[in-house]
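Colleague: Sequence:
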Amino acid sequence: MNFVEELTWRGMIHDVMPGTEELLQKEYVSAYVGIDPTADSLHIGHLVSIMLLKHLQLAGHKPLILVGGATGLIGDPSFKSEERQLLSNEQIEHNLKAIKNQLAKLLDFDQVDNAAELLNNYDWMKDYTFLEFIRDIGKHISVNYMMAKDSVKKRMETGLSFTEFAYQLLQAYDFLYLYQHKNCRLQMGGSDQWGNITTGTELIRRVCGGEAFALTCPLITKSDGGKFGKTENGNVWLDPTKTSPYAFLQFWLNVSDEDAKKFIRIFTLKKEAEIRSLEEKHDKAPHLRILQKALAQDITIYVHSEADYQSACDASEILFGKGTKESLATLSEAMFLSIFEGVPRYPIARDLIQNGVACVDLLSEQSGIFTSKGEVRRLIKEGGLMLNKEKINEDVTINTDYLINHRYILVQKGKKNYFVIVIQ
RNA sequence: GGGGGGAUACCAGAGCGGUCAAAUGGGGCAGACUGUAAAUCUGUUGGCGAAGCCUUCGGAGGUUCGAAUCCUCCUCCCCCCA
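Sequential numbering of the first sequence, starting at 18, is according to the working numbering.
Hints are computed from structural coordinates only; laboratory data are not their basis. Note that this is a predicted model, so its numbers are computed, not measured. Ideal Cβ positions, reconstructed from N, Cα and C, are used throughout, including at glycine. Watch out, some of these pointers could steer you wrong.
The following label-pair restraints were derived from C-beta to C-beta distances [to be verified]:
no.	residue 1	residue 2	range
1	K298	D418	40 to 50 Å
2	G385	L75	40 to 50 Å
3	D153	N271	42 to 52 Å
4	E334	L286	22 to 32 Å
5	E334	D418	21 to 31 Å
6	G431	E343	13 to 23 Å
7	G77	W26	14 to 24 Å
8	G385	D209	37 to 47 Å
Produce the entire structure from the sequences given, and follow the hints as far as they go.
Modeller: Right, here's the structure in full:
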C-alpha cells in the first residue's frame with residue numbers, strides 16, 4: 018500500500034494535488050510540514066502533522082520538519098479573526114529547543130537513510146534583506162493572487178496588517194527554498210494551510226519552472242462539535258510536566274465512540290484489519306470501550322513510554338476502579354505519589370491537622386482548594402465531595418486519623434477531579 | 001454637526017422606587033442513570049452564616065425613610081439624519 022492509499026483509508030486526506038501519488042511512487046522525495054513555535058511544547062493538535070510525516074517515513078521518503086523561527090515572528094493570519102501576538106526572539110529560541118526534544122522521540126532522526134530532519138526557517142530568512150526579498154520573490158506573485166485566498170478574504174473586513182498579509186509569501190518562499198536545497202517536492206499540513214501551500218507551489222513554478230505538490234489533512238473535529246484537543250484545563254500537551262501522562266491517557270479514554278473510530282486511524286499505526294476487528298469487538302460490547310483503551314494505550318506509549326502508560330493505568334484503576342479507603346491505605350508512599358503525580362498538591366501545616374480542623378475550613382481558606390466555604394458546603398450536601406474516597410459530613414473535624422502515609426489527604430470533587438493535601 | 005437608544009452577575013437578557021442577591025435561557029459545577037460515554041432528569045451557580053448580615057446592577061455625586069430602578073455630571077458602545 019502506498020503512502021497516499023494509506024492516508025486515504027485512514028481518512029487523513031482532505032485535499033491532494035493531482036500527481037502527488039505518482040511522484041511518490043516513482044521517486045524518493047522529501048516532504049515537509051511546518052510547525053509554529055508558539056509554545057515550548059507540542060500539543061496533540063500537532064500530532065496529526067507528525068503522523069503524516071511518520072507515514073511518509075515508513076513509506077521510505079524523507080520527512081522534514083520546518084520550525085517557523087522566522088514565520089513564527091510574524092504569525093499566520095489564516096482563519097484567525099485577530100492579529101496575533103508577536104513572540105520575542107528569545108522565546109522562540111527556547112520553544113524551538115523544547116520542540117526538537119519532543120520530536121526526537123516521535124520520528125526517526127538517525128540510523129536510517131531517510132532520517133527525519135529538523136529545520137528552522139530563521140536560518141535562511143535572517144540575512145535575507147527586505148529589498149532583496151521583494152525584488153526576488155515578491156516580483157513573482159501578484160497581490161491579486163494573494164488576496165484571492167480564503168484565509169486573506171476572511172480578514173478583509175476586519176483588516177489585517179501588511180505583516181500578516183506577507184506571511185503567505187514567506188511560507189511560499191520556505192517551500193521554494195526547501196525545493197531548491199533539500200529536494201523537497203511536497204508540503205503537507207492541515208486543510209487551513211491549503212492556500213499557503215499552493216502559493217508555494219505556484220512560486221516554485223514561476224521561479225524555476227519546477228513542479229511541487231500539496232497534501233492536506235482534514236482539521237480534526239469532534240462529533241459533538243467541540244474543539245479537538247481541548248479539555249477544561251486547556252490544551253493537551255505532549256510535555257509531561259504540562260499534561261501528566263495520567264491526564265494524557267485520560268483524554269484519550271474519554272473520547273466518544275464515534276471519535277474513537279476516527280482517531281484510532283489517525284493517531285495509531287495499527288493496520289486496517291486490526292482496527293476493523295477492534296471495532297467489531299467494540300460494537301458487540303460498547304461498555305468495555307475497547308477502542309478507547311486501544312487508542313489510549315497506543316498513543317500514550319508512543320508519546321510517553323510503556324512505564325508511563327502502566328503507572329497511568331494503575332492510577333486510573335485506583336481512581337475509577339474499585340478504589341476504596343482501604344486500598345488507598347495500603348499504598349506505599351512511592352506508589353501513592355506516582356499515581357497522583359499530575360494531581361495538584363496543596364501544602365498545609367502539620368500543626369493544623371494535629372490540632373484538628375473543621376473540614377470546611379481546611380478545604381477552603383486553609384488549603385485554597387476551593388475559593389469559598391459555601392462551595393464546599395454545597396458540594397458536601399450534593400454528595401459531590403469525598404475525602405480519601407469517602408463521603409464526609411459538613412461538620413467533621415479533620416485530624417491525623419485522616420492522613421494516608423502520615424502525610425496525605427486525597428480530596429475528590431465529583432468523579433474526576435482530584436486534589437492532594439500534603440502536610441508540610 | 002443634529003437626533004435617538006444602551007451599559008445588569010461567566011455570557012445573553014428581563015427588571016424601571018420597596019416584595020431584588022436580582023426573572024429566564026445558555027454555560028459552569030455537582031447528583032441520579034450509564035460505559036470515567038451520549039442523551040435525559042434533578043439540584044446548584046456573590047461572600048460569611050442558624051436567623052440574619054455584608055459587598056454587588058458602567059463611574060462619581062445627588063433626591064428619598066428606602067434606588068438596579070428617579071435626577072446631574074463623566075466614560076464607553078450602538079443606531080438614524082447631515
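Colleague: State for each hint whether it applies.
Modeller: Hints, one by one, checked against the model:
no.	hint	result
1	K298 x D418: 40 to 50 Å	holds (46 Å)
2	G385 x L75: 40 to 50 Å	holds (49 Å)
3	D153 x N271: 42 to 52 Å	holds (51 Å)
4	E334 x L286: 22 to 32 Å	holds (26 Å)
5	E334 x D418: 21 to 31 Å	holds (26 Å)
6	G431 x E343: 13 to 23 Å	holds (22 Å)
7	G77 x W26: 14 to 24 Å	holds (19 Å)
8	G385 x D209: 37 to 47 Å	holds (41 Å)
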